[in-house]
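K.L.:
Based on the provided sequences and hints, a complete structural model is requested.
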Amino acid sequence: MLILSRPPNDNFTFRTFFNLTNKIKKPNDNFYLWSAAIDPATDFGVILKDNRLEHQTEVLYREELFRNIKNDLVIIGIKDHLTSGSFNPLIQPCPNLVSYIKDMFDFYHNKTFIVFTSLENLDNYINNKNVYLIPWGGDITNQSNLYPKINPVINKNFSSNKTYLSLNRNNRLNRTLVLGSLFGLNLHNKGLISCMFKDSMANFNFEEFSSYFKNNYDTLINAGILAASKFDYPICDDRKIYPNEDNNNYDNFLNKLTNYYTDTFVEIIAETSFTESCFLVTEKTLNSVYGCNFPIFISSKGIVNFLRNMGLDVFDDIIDHSYDTIDNPIERCVQAIQLNQRLLTDLDYTKKVWKDNEKRFLNNVQFVKTGMYKFYQNRAESQFSFVINTLVQRGIIDDDQLSK
Amino acid sequence: MTINYQNDNRFFTCLNVPASGVNRDAINQWFSSLSVARFRFINDPEILDDNSDLKTVLDVYPGVKTIAIVANPWSRVRYAWQCVTELKNTQPTSELAQLFPEQTFEDFVKSLPNHTSHRLLQPQINFIKYTDSNGVEHTADYILHQETLNEDFSVIRDYFMDDVQLFGIENFPEYKNEYTEEMKNIVATLFSADIAEFGYEF
Chain L
1 MLILSRPPND NFTFRTFFNL TNKIKKPNDN FYLWSAAIDP ATDFGVILKD NRLEHQTEVL
61 YREELFRNIK NDLVIIGIKD HLTSGSFNPL IQPCPNLVSY IKDMFDFYHN KTFIVFTSLE
121 NLDNYINNKN VYLIPWGGDI TNQSNLYPKI NPVINKNFSS NKTYLSLNRN NRLNRTLVLG
181 SLFGLNLHNK GLISCMFKDS MANFNFEEFS SYFKNNYDTL INAGILAASK FDYPICDDRK
241 IYPNEDNNNY DNFLNKLTNY YTDTFVEIIA ETSFTESCFL VTEKTLNSVY GCNFPIFISS
301 KGIVNFLRNM GLDVFDDIID HSYDTIDNPI ERCVQAIQLN QRLLTDLDYT KKVWKDNEKR
361 FLNNVQFVKT GMYKFYQNRA ESQFSFVINT LVQRGIIDDD QLSK
Chain H
1 MTINYQNDNR FFTCLNVPAS GVNRDAINQW FSSLSVARFR FINDPEILDD NSDLKTVLDV
61 YPGVKTIAIV ANPWSRVRYA WQCVTELKNT QPTSELAQLF PEQTFEDFVK SLPNHTSHRL
121 LQPQINFIKY TDSNGVEHTA DYILHQETLN EDFSVIRDYF MDDVQLFGIE NFPEYKNEYT
181 EEMKNIVATL FSADIAEFGY EF
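Sequences listed follow chains L and H, in order. Every letter in the first sequence is one number past the one before it in my numbering, and letter 225, counting from 1, is 225. Every letter in the second sequence is one number past the one before it in my numbering, and letter 48, counting from 1, is 48.
Think of the hints as simulated: they come from the structure by calculation, not from any bench. Just so you know, not all the hints are guaranteed correct.
Said to hold, decoys possible - With the C-beta cut set under 10 Å, the calculated list includes, among others, these residues of chain H facing chain L:
1) Ser33
2) Ser35
3) Asn43
4) Ile47
5) Val64
6) His138
7) Asp162
What the hints assert, rightly or not - With a Cα cut of at most 30 Å, we get these calculated DSBU-like pairs of lysine-lysine:
8) L/Lys374 <-> L/Lys359
9) L/Lys256 <-> L/Lys230
10) H/Lys55 <-> L/Lys25
11) H/Lys55 <-> L/Lys23
12) L/Lys162 <-> L/Lys190
13) L/Lys359 <-> L/Lys156
14) L/Lys374 <-> H/Lys65
15) L/Lys149 <-> L/Lys162
16) L/Lys149 <-> H/Lys110
17) L/Lys230 <-> L/Lys214
18) H/Lys110 <-> L/Lys369
19) L/Lys149 <-> L/Lys359
20) L/Lys70 <-> H/Lys65
21) L/Lys23 <-> L/Lys369
22) L/Lys214 <-> H/Lys129
23) L/Lys156 <-> L/Lys355
24) H/Lys65 <-> L/Lys23
25) L/Lys190 <-> L/Lys26
26) H/Lys55 <-> L/Lys374
27) L/Lys256 <-> L/Lys369
28) H/Lys88 <-> L/Lys256
29) H/Lys65 <-> H/Lys88
30) L/Lys162 <-> L/Lys25
31) L/Lys351 <-> L/Lys369
32) L/Lys149 <-> L/Lys374
33) H/Lys55 <-> L/Lys26
34) H/Lys129 <-> H/Lys55
35) L/Lys25 <-> H/Lys65
36) L/Lys240 <-> L/Lys198
37) H/Lys65 <-> L/Lys26
38) L/Lys102 <-> L/Lys25
39) H/Lys129 <-> L/Lys23
40) L/Lys190 <-> L/Lys351
A virtual CB, placed ideally from N, CA and C, is assigned to each residue, including glycine.
P.N.:
Next up, the structure:
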């Protein structure tokens, strides 16, 4: 195996990958990498390599990958999402890094690839006959040794005058749309909102997504973005939330976010994935569980259904999650907010409903402390077993090439 | 046949033996700087920062090649005192700073028998060797000595067929003039297992 690169705090997926791939004794090429390594947008800086200083870019890692593909069986573990920059399904068939690895699978069409992925539903884009996908869980599995130590934010401030929390750090389409929707619908005063990119918000390119705008959503959002770009936000945190550049979300939750959850009862979770039909479930979802807030997801279609099936209580009797089945991402975002306006604005109602369902939040916390990791581990193991059995049946692996 | 990175595809990791493991970073950096080695090193802070032992590491990463650094116990204790003293200045509420409030080195050494359950005061051998449930003894693959670290590391250089030396090594302080007979005997008793295993002399 070659560890081409690793993101911080990925021990859950790395160990899963290490232990499962060790079971295959058949000669194979085995790589573990962070998707950032093959992303042209990543600059890893300068390293000392073979007594020379070398600038690391994706070229280095892509070359290393290709140089070391020699066997008929190739196993790749790719951590994180596969979208560089943004993805517009109106003009691109799939996210660009998905496209890159699909090209690799096509080029090596006579080889068999087993691909571990952080993404759910990656098979929506990758259906090459020589590729077998195994999801191992998104960034929600990071820091699996630390997150279970968190005490849930169950002691809410019932004197708070804010209903919901909406955290928006990096400039992504869904976060611009959330803010545009909240301000456009004049719901912003009820929320504890952050926006760490308001200076660039007005650059939102409507033209590119014009086919998605229906029902005068463009008017609503346009006006909302204008207001959001001038607003004086109640949360003024530094954009640099990881002092040690180590993606320490556990520390960030304890040191920065706990107070926000104390003062709110609902969260609008603008996840990393949005326009893609595959998605990454991250610590943003996990924070919301430990923060004990009703969750409204602004993410790819199907994320709520996935979490529900995993075993999380998504409060279907309280939150209207019908937005989760909408294909149009802009409509999905606006509907997520519009359908749940009462929960977002009626403070007395929301507080009462929260109090009536307090135990369910604690049940969810209990689930993510243990059941969630078991779900991801068991699913990866059973999917791996299924793939191996399939490859044995197809004669690609002999039974004696597996360790017992 | 000589085993090297071309005919053997196993991974390496470096155990974090308390106090002795200070030069893990130098080893980590060496691996990162070598194009044939950098993709073959496992750094798992969740295990290694907790000063876990060989068994814990092999349970998580079976088959991985383990590197361990060990040091002369008297030198190691002197270095540990230096670190604790620095901690008392920079992190006065830290566990070690609280556990060892003594100011002088002599007081520090005399207090050690009161804290034998602490990881810092476990013999190094406890971290790099164990016997499994079948009675089979396991030892770290590469045991390097702090005092001759770069020379001992040559076996890893040979594996990767490169002569780049370790860099950024932190040396342990001089210690011989700092011990009384009583202090020498305290350390000798506490770390008798290391002395027996590695033949250390004051």
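K.L.:
Hint by hint, work out which the structure violates, then give me just those numbers in ascending order.
P.N.:
Result: hints 6, 16, 18, 22, 25, 29, 30 break, sorted rising.
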